[in-house]
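Participant: Which chain is which? The protein sequence lines are A and B, in order. Per the numbering used here, the very first residue in the first sequence carries number 1; after that it's consecutive. Per the numbering used here, the very first residue in the second sequence carries number 1; after that it's consecutive.
Fair warning: there could be bad hints in the mix.
To be verified - BS3-like mimics (lysine-lysine), calculated; alpha carbons at most 27 Å apart, straight line:
#1 LYS46/A with LYS174/B
#2 LYS193/B with LYS46/A
#3 LYS186/A with LYS273/B
#4 LYS523/B with LYS351/B
#5 LYS46/A with LYS338/B
#6 LYS523/B with LYS313/B
#7 LYS90/A with LYS523/B
#8 LYS193/B with LYS154/B
#9 LYS46/A with LYS154/B
#10 LYS231/B with LYS90/A
#11 LYS261/B with LYS109/B
#12 LYS46/A with LYS116/B
#13 LYS154/B with LYS116/B
#14 LYS46/A with LYS523/B
#15 LYS351/B with LYS338/B
#16 LYS530/B with LYS193/B
What the hints assert, rightly or not - Simulated restraints on C-beta separations:
#17 ARG240/A with GLY314/B: 56 to 62 Å
#18 TYR64/A with ALA402/B: 51 to 57 Å
#19 THR177/B with LYS46/A: 20 to 26 Å
#20 THR448/B with LEU21/A: 44 to 50 Å
#21 LYS60/A with GLY266/B: 53 to 59 Å
#22 SER256/A with LYS530/B: 55 to 61 Å
Source of the hints: derived by calculation from the structure; they are not laboratory data. No residue lacks a Cβ here, since even glycine has one placed at the ideal position from N, Cα and C.
These are the residues of each chain, in order.
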Amino acid sequence: MWRYAFKRLLVAVPMLLGIALLTFVLMRISPGNYLDTVRMDPQFSKETIARYEQLYQLDKPLFYQYVQWVKNLLRLELGYSFYYNVPVYKIIGERIWNTFVLSLAAFLLTWCVAIPLGIWAALNRNRFADRAIQFFSCIALSLPSFFLGMILLFWASQTGMLPLGGMHSPDYESFGWPGRLVDLLKHLAIPAVALSIGSIAALQRIMRGNMLEVLGQKYILTAHAKGLSQRRVVYHHALRNAINPLITLLGYEFSSLLSGAALIEIICGWPGLGSLMLTAVRSKDVYLVMASMMMGGVLFIIGNLLADIALAKADPRIRYD
Amino acid sequence: MNPHLCLNPCPKLRPRQHNNNRIRVRGPLTRKSFSLKTVFPLLLSVSFLLPIFYSSASACAAQYGGQLILATTSDPKSFNEITAKETSTSLVTDLIFEGLTTTNAFTTKVEPNLAKSWDISEDGLIWTFHLREDVRWNDGQPFTADDVVFTFNKLIYNPDIPSSARDIFTIDDKTFTVEKVDDHTVRFVLPVKFAPFLRGMGQAILPKHKLEEIVAQGRFNFTWGIDTDPKEIVGTGPFNLVRYDPGQRLVFERNPYYWKKSIEGGPLPYLEKIIYLIVQSTDVGLLKFMEGTLDGYALRGMDYPMIKPLEKKGNFTVYDLGPDMGSQFLFFNQNPGKNPNSGEYFVAPYKLAWFTDREFRKAVAHAIDKQKIIEIVNNKLGYPQSSTMGSAAGFFYNPDVAEYDYDLDKAKTILREAGFVDRDGDGVIEGPRGGRVEFSLYTNAGSTDRVDIASIIRQDLERLGMKVNFRALEFNTLVSQLTSSFQWEAVILGLTGGIEPHFGKNVWMSSGQLHMWYPMQEKPATDWEKRIDEIFTQGVQELDENKRKVLYDEYQRIVAEELPIIYTVLSARLYAVRDKFGNLKPTSYGGVFHNPEELYIKEESR
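Turn these sequences into a full structure, and let the hints steer you where they fit.
Facilitator: Given below as structure tokens:
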């Protein structure tokens, strides 16, 4: 098992460098570069623009830039952002954490609600509860999350029950830690709910489907025939088999932890990575984009690896060696 | 507690007149917020006006304390005033830094600021500035001539530091000589006469004692980035940055060392804090304003009908500050050049013949339905633009230029007389020497306003019998086409204007790289472009403002006559402000909060 994990991690290195090269090439062959906005400003002369090009090494060939970037990466440096003139890690450090907090909250909310809901719907197949859940799932699935976010914010502005966006209150510093936690949860509520409603609907349906399939199996019938209680049959025999495909899904979800929330972050004023990366891509702030691609890549690889390992733990039939 | 007049008779303001014609990228979620301008204490005519105001308005007390909470749509990119490249930075630096002179928000005239007076030599080349002696940096250090000399010689003229200030203060590759005469006197020696010099002296001055070592070590380009401890950022302005939470808020506190005094001689500013919340979505910003979190909010035309009726209930007032500085316009490619690699013409020669034909451009100008654009795009809150300097430019604005009313029949007549007729009966007109009048029209996809304007214009052009292929491009793609590949036919874009015409020289002089319809000409392609070159060359050397105005009036007339750029409309600047501030004096040039140090919170709102 551990040998397998090690091998997977070893393969990840060329994969990441490949992602980096591809990003570099794509950023370069699409028209324009970071200095285009400056170029359109009458206050900047050609000489000044040339000076910027030198400063950012944009006048050097693509391959040279790539090699420099890889060299820096080996020293664990991610380069400087053109836009901000500060090292990339200083800009994204805090924001990664913020996005992570929001994504994790949405993730926990999704899984903690969707799995039991799916099971319950499956056990009450075609009864009223199931029908109601499926009906509302349809609505939730077709509601774009940013729209839901807007509605929730409007509701909050009318009732004053929750803060309108942001992550902390202005006087956050003066609270003790329970106060800070409550403050954070209050600010989390709207974006996390807006993010997870759609996923709950989707995941719940998958869970219900899997559960129904397993419940139709012969061994479930056998278990019932042995006189096991309904509870034991469902949770001990059916659930463990039904949840297998979801574990794979979990790995993918992990990789999208840092990238899935951009729109909601913008609407709810959550100080995360989303809008930062959006502007970085649009303004061609290459090293900032590279950093985000790398993080996405690393998370994807780790997420898949974790999913594979978890799968092996959950299902004794799976072996990697 | 400090007694103060409610109506302050004569406030002044300083020039942070940067960008005459900066391209604006306005996406659906971004929006220019009005920058705060700093103000100058009262020097003139106070004694004359005081009795009137005492009698007409009962004196009320300005009080210290309280805060102003506003919103901005994007994070600052840097706190480094010299290397900064865009406006989200000047929002911050305008509160912290000041220049030797300032522009009055009411009259747009240049006035003293950190310099209390100046002398000019007869030939107009030697300027001696006498600095105020009571100015301190916000860390308590005294402000002296050394700081001014340092800012120019070590920062702006430093070859290793790229900045647009260097381009402003360099004339024909020659820099100014800046030297200290004594601790509070600085002398500037100019290579040639330079009319915008005094306004340009609104350039922020930075502290030598904080930055000298950093510059010596070559680290200045990466200094005062957004990761800096706010305490390190030292200026002379009315407020200090005390806190920056990325993506959330900027907090400013009053500078206890601020030199400006109220008219009774008390310290300024009154407000304890200014807070900028970073709210990326304009819709959420509006919700926050309605809810009462924000004290002021820039409205879009579409918000107006919903917000205006709520004024009383919400305890706020909507101010209409008149037309915006930023223009939206249409222009055609008149570049006769060829691609040096492929040998292809940038514009097919038969199309170039139309685009360089003034009658063709006139017909197009008559086909632009400005009223409809104002109605649809600006929600009826806009102004038609004819002159290249918008009316917000004040002194240099020339209202007396050729106007092109919306008249499709007239446009058709002009086209017919110029030889554009539909000869083969396919519904599309042909040029005088043949060829269907079909061209592509681009704008940047990020601006919904421009996309809307383009579709209105396109409809009318098709009524004239032209075939217009419209495409919205990504901003970078459009810029590449305009500045390096030159392969485009017609474009709709916007530039933000200013009050100093000379700062538009890169757009209007034929050698400029932003002379977009035919950039970087070796010698002027037409007589009128030659004349505009002359006007800009003369105008920059003419120190008599009135004689300058005559010159720039002519330039505006020529542009309206020749139509290299066909203007559309200017949107109205609308700003809603909670009714709790004293000394609030919105002006067209300065915006709503141009005098943050004078604002105070009224008694009844406390």
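Participant: If you test the structure against every hint from before, which numbers come out violated?
Facilitator: Those not satisfied are hints 6, 7, 12 and 20.
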